[in-house]
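This is what each chain is made of:
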Amino acid sequence: MRYAEAGFDLEIDLSRGSIEKVATDPDLAEFYLGGQGSAAKLIYERVPPDVDAFSPDNLLIFSTGLLHGTPAPAANRTAVNTISPQTNLMSHSLFGGFFGPELKYAGYDKIVIRGKAPDLVYLYINNDKVEIRDATHLRGKGSTETGDLIKKELNDQKVQVAAIGLAGENRVYMASIEHNHASAARGVGVIMGDKRLKAIAVRGTKDINVANPAGLFEISQELHQKIGGSDGNGDWMAVDEDDSFHHNHFAWGNARTRIKNYWSPELQERWTKLKYDHMDRQTGCYNCPKKCRNVIKWPGRQRFGYKCYGKDTYHMAAFQELDFSYDILGLAQEYGVDSYSTPQVIAFALELLEAGILTDKDFPDMPADSRGRFFYLLEKIVRREGIGDILANSVSQAAKQIGNGAEAYDHNTTKKFEQLPIKLGKVNPAYFLMIATGEKMSITQIEGSFPQDPLPTREEREEFVSKWDAVPDEKFKDYFLNREKRNEISDEATCDIVDWNEAMHYIDDSTGLCGFVSSFRGQFGGGVAYHMNNIPQVISLATGIAMDKEKLWKAFQRIRTLVRAVNVRRGLRRKDERPPEDHWAVRDEEAEQELLSKYYAFKGWNSEGIPTRQTLERLDLGYVADDLEQRGILAAGDNAAGGQAALSQKGEFQ
Amino acid sequence: MKPGPTTKTVKEIKVDIDKCTGCRACEMACSAYHAQPRYSSINPARSRIRVISDELNDEYVPIRAGDYTPAECNGRHIYTINGKQYSECSFCGASCPSRDYFIEPDSGLPLKCDMCESVPALAEPMCVKVCMTDALTYVEREVVRDEKPQQKRGQIEVGLEALINQYGLEAVIDSLKQMPQAKNH
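If you're matching them up, the sequences are chains P and W in order.
Take the working numbering: the last position of the first sequence gets the number 654, and nothing is skipped along the way.
Take the working numbering: the last position of the second sequence gets the number 185, and nothing is skipped along the way.
FYI, nobody ran anything at the bench for these hints, they're computed from the structure.
All figures in this text were calculated on a predicted structure; none of them were measured in a lab.
Every residue, glycine too, gets a C-beta built ideally from N, C-alpha and C.
Some hints could be false.
Claimed, not checked - One-sided and incomplete, this derived list gives chain P residues near chain W with beta-carbon spacing under 8 Å: (1) Thr-70; (2) Tyr-286; (3) Lys-291.
Okay, chain P solo, but in the shape it has when bound (with noise of 0.2 Å):
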């Protein structure tokens, strides 16, 4: 018996319009977990790098994470991968709710999508019937909407629906996937709608076996309890009013201005009292004790949901205030937009306009003020109406477009994606690798494990230390006791950090496990409920794999390593690998480039981030270094630097 997972994927060719139901090999699990990781294996071996991310060839792959629809609470986030057309890199997406475990109760790991249909449809999945219907009465639809729609044509309350609104179905590059208030961006919204998939519905009924029952349903309500029961895990922002965080330190307009001192008590109590005034409740996702989404009621917008910084992209991009984001967050939703990317594609635009490099013509009927700026171009983009044609394509492309020095103002991606608008003094070396050679393409999805900022005393460093259950090991006590500021902190413990912050995400990302209680959430407070010291016994009860956390660490270096596979052979290289040169103020390209190096060799990649045949074969992928060497890409016999051995041999540093 297959335990925790399904044992199926379904293969959609929508220009055939054929469905199949295909076994999946039990043995791969133990390697490369499930969700992304699976995911990424499928899109190495079926979409070679000459496949354009607009091609019928292109996959969109929908998997559920490992754990999804075992007892493990908090498992639901749902991985979206395929070929994104705004960086030709791997898409990285993720979205909350109850989506993935809904597919597996319908007995499938996955959804493989291929090809394109002549028109749109959505796919119906109950169990062992599964449909491809007509959506054409869907065109131009919200995505809440759709799903809505969708459900009553069903007549059934109960399907999960993830579905695109106009911006997907126009082929916005920031185009999202939208269900149940959550969101899946980076890429992903735009194949589903070059695809002509308008949605997918998803009702299951199936049971799913896991291989130690009673053992897995105690250590699951012990962490269920743990996650419930403390502030350690889940969204604090949910709760706590006090936002200056976002608002003090991150940048304004096109990630340009930073405000110090905007926050104050008298403001805070004006948005308290206009988010309750209008929410109707936080809600939680699928077998999740905490209620990490706001769900608010705007008069005149469909409901919508946000999280942490979604609620402050928008006005702080238009140097608005909160009401102005909860008034266009529902229409954003409605068309399903991502609410990172989009407002700084936005405030790009407007600074072209200032700059004289667009001028008013661009922008015919534009109102003068801001608000009505961003509603003016959200319709522009989502519709792909004159100017929005060349912003829905992402700031980095719709710069080379516009030309005449635009590309001056594309300051704050890498790999032609929208960073966070963060713009501090001192480079912290973490950070910089993060940024650098994340593939993951957002900060949020790297950071987590390893706190930002050190402790003011050694006392109360030692206080967290003590407490400190997730590291994965002794040596990052002492990094952290040792660290007086952010800034002063070795190379070879910065590789350690990093290494730890991304395997966490990876072993997430796979395992359908949410940051907020897992990678993203320990460097605030150290109290997650989930960890590298007690993952791999929730993976060996439900799975009956014999995990431990030597081979958890394994399969993360293996996933990462395929990841940057499928992204090397796409023509990743070391000078990709720069975050936004405006990042920091103080700069010292020298040291920057020594850390990277060095980065690259704990990594087991050579001097242009390759991984080496012997990283490869060590991770059981010689198959990838066949392949590289094929292609050229590496050369037959390129061993330079072999990178760590495993967890433990990661002190001794190459």
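Could you slot chain W onto chain P? The hints should help.
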């Protein structure tokens, strides 16, 4: 036994629909607890508690599986509570033909909440235990019941009465007369 007032423990699960976050941990835990062997499978479709949810309407109502009924209602109330409309079905725990709640997905048999009164009984039902937002809370209440005296009746009497109720006294007497076994005795 003398007839008269007795006390009985009534078990109640209080539902605060304003506190429900829609996470469905109750469904997960119920289905695991009632799996055979216990916890061996997870399947919310087998749960005896379901959260009726509609995020567009901000509606989250946990309902508990009640009795099986072979027929649909002949009509339904629409309730308006705090400005939001709810169908009567959102509060009804019946396992009925009009929907697939509380029906075993593979056997089609009805499911009914047993308040986790298994052996040994849980201190509080599983769904309440996992609900950390207090949308579900458990209360035991002693109520005084004025029990009516019941006549003790034999199996033959009960059986015959059932047959008489269904077919009439004449038909039962006729059948008895015609039965060869009756003649032989």
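Quick rundown of the hints versus the structure:
1. Thr-70: holds (6 Å)
2. Tyr-286: It holds, given that the least Cβ distance between Tyr-286(P) and chain W is near 6 Å, below 8 Å.
3. Lys-291: Nearest chain W Cβ about 4 Å off; hint holds.
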